[in-house]
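Using the sequences provided together with the hints, build the complete structure.
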Amino acid sequence: DGGITQSPKYLFRKEGQNVTLSCEQNLNHDAMYWYRQDPGQGLRLIYYSQIVNDFQKGDIAEGYSVSREKKESFPLTVTSAQKNPTAFYLCASSATGGSNQPQHFGDGTRLSIL
Amino acid sequence: DAKTTQPNSMESNEEEPVHLPCNHSTISGTDYIHWYRQLPSQGPEYVIHGLTSNVNNRMASLAIAEDRKSSTLILHRATLRDAAVYYCILRAYGGATNKLIFGTGTLLAVQP
Chain A
1 DGGITQSPKY
11 LFRKEGQNVT
21 LSCEQNLNHD
31 AMYWYRQDPG
41 QGLRLIYYSQ
51 IVNDFQKGDI
61 AEGYSVSREK
71 KESFPLTVTS
81 AQKNPTAFYL
91 CASSATGGSN
101 QPQHFGDGTR
111 LSIL
Chain B
1001 DAKTTQPNSM
1011 ESNEEEPVHL
1021 PCNHSTISGT
1031 DYIHWYRQLP
1041 SQGPEYVIHG
1051 LTSNVNNRMA
1061 SLAIAEDRKS
1071 STLILHRATL
1081 RDAAVYYCIL
1091 RAYGGATNKL
1101 IFGTGTLLAV
1111 QP
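Chains as they are written, first to last, in the numbering used here: chain A, 1 to 114; chain B, 1001 to 1112.
In case anyone wonders, no lab produced these hints; they're calculated from the structure.
Careful, some of the hints might be misleading.
Label-pair ranges, simulated between beta-carbon atoms [to be verified]:
hint	chain 1	residue 1	chain 2	residue 2	range
1	A	73	B	1059	23 to 33 Å
2	B	1065	A	8	43 to 53 Å
3	A	59	B	1065	27 to 37 Å
4	B	1028	A	62	23 to 33 Å
5	A	84	B	1104	29 to 39 Å
6	B	1015	A	110	40 to 50 Å
7	B	1003	A	95	25 to 35 Å
8	B	1030	A	95	13 to 23 Å
Incomplete in silico selection of chain B near chain A, CB under 7 Å [to be verified]:
hint	residue
9	1032
10	1042
11	1043
12	1044
13	1046
14	1091
15	1099
16	1102
17	1103
18	1104
Just so we're clear, the structure is a prediction, and the values are computed from it rather than from any experiment.
Every residue gets a Cβ at the ideal spot worked out from N, C-alpha and C, and that includes glycine.
In structure tokens form, the structure reads like this:
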């Protein structure tokens, strides 16, 4: 079945360490997104990409980096500059970057600090 | 994007219909109304969207007020699997990005 796969499901980061969260989609979607969710809160946009080799900062990009070298992949790196990385991270995709396209989400990665 | 207002929580009994309200008094003429839901420890799931006319799909119905300042998501027969947080989101047609702005949504509890 087509969908979005995020891995790992749980991830632990040591102080000063960079970690990379994987997001793969087989929906042939052009656009991909990364959101962060804190307990009891809605989602906030970190980065998005409307096409391969292009990406834009969202509302809370500081301390994060992304790449979009392949259409199906949009990995997110949480750098040591992100001082409060503990959160639930969600990846999504849509057919195009158009504002009326429904987004399809993965099941998330829960990141915690050791 | 315009703001939406939803109740923090609602309760329903299994097998009964559920009406989830959303107010969006500052909606513009080109804003679509989208609904997503999020089950515990999962990513959000698209439910339905509409512009002016009522919409039906296999998951739910969306009833939009004539002045478009409010809408209601209708689950025709609630099941235990419908217990989730439901988000009402406005999306401007033709916007530069497809950013979804999530509020805190409505937590729906379904009693057996």
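So, going through the hints one by one against the coordinates:
For the hinted restraint 23 to 33 Å between residue 73 of chain A and residue 1059 of chain B, the CB-CB distance of approximately 29 Å keeps it satisfied. The given range of 43 to 53 Å is respected by residue 1065 of chain B and residue 8 of chain A, whose C-beta atoms sit roughly 44 Å from each other. For the pair residue 59 of chain A and residue 1065 of chain B, the supplied restraint of 27 to 37 Å holds, since their beta-carbon distance comes to about 30 Å. As the Cβ distance of residue 1028 of chain B to residue 62 of chain A is approximately 30 Å, the hint placing it in 23 to 33 Å holds.
Distance hint check for residue 84 of chain A and residue 1104 of chain B: the Cβ-Cβ separation is about 19 Å, which falls outside the suggested range of 29 to 39 Å. The given range of 40 to 50 Å is broken by residue 1015 of chain B and residue 110 of chain A, whose C-beta atoms sit roughly 33 Å from each other. Checked against the hint of 25 to 35 Å, the C-beta distance between residue 1003 of chain B and residue 95 of chain A comes to roughly 27 Å, which is consistent with it. A beta carbon spacing of about 20 Å between residue 1030 of chain B and residue 95 of chain A agrees with the range 13 to 23 Å that was offered as a hint.
For residue 1032 of chain B, the shortest C-beta to C-beta distance to chain A is roughly 6 Å, which falls under 7 Å, so the interface hint holds. Given the 7 Å rule on beta carbons, the hint for residue 1042 of chain B holds: about 5 Å separates it from the nearest Cβ of chain A. Given the 7 Å rule on beta carbons, the hint for residue 1043 of chain B holds: about 3 Å separates it from the nearest Cβ of chain A. Annotation: interface hint on residue 1044 of chain B holds; nearest CB of chain A at approximately 5 Å, less than 7 Å.
Interface hint at residue 1046 of chain B: satisfied, since its Cβ lies 4 Å from the closest Cβ of chain A, which is below the 7 Å cut-off. Given the 7 Å rule on beta carbons, the hint for residue 1091 of chain B holds: about 5 Å separates it from the nearest Cβ of chain A. Interface hint at residue 1099 of chain B: satisfied, since its Cβ lies 5 Å from the closest Cβ of chain A, which is below the 7 Å cut-off. Hint status for residue 1102 of chain B relative to chain A: holds, with the closest Cβ pair at about 3 Å, below 7 Å.
At about 5 Å, the closest approach between the beta carbon of residue 1103 of chain B and any beta carbon in chain A falls short of 7 Å, and the interface hint on this residue holds. Given hint, residue 1104 of chain B at the interface with chain A, holds; its Cβ is 6 Å from that chain's nearest Cβ, closer than 7 Å.
In summary, the numbered hints that this structure violates are 5, 6.
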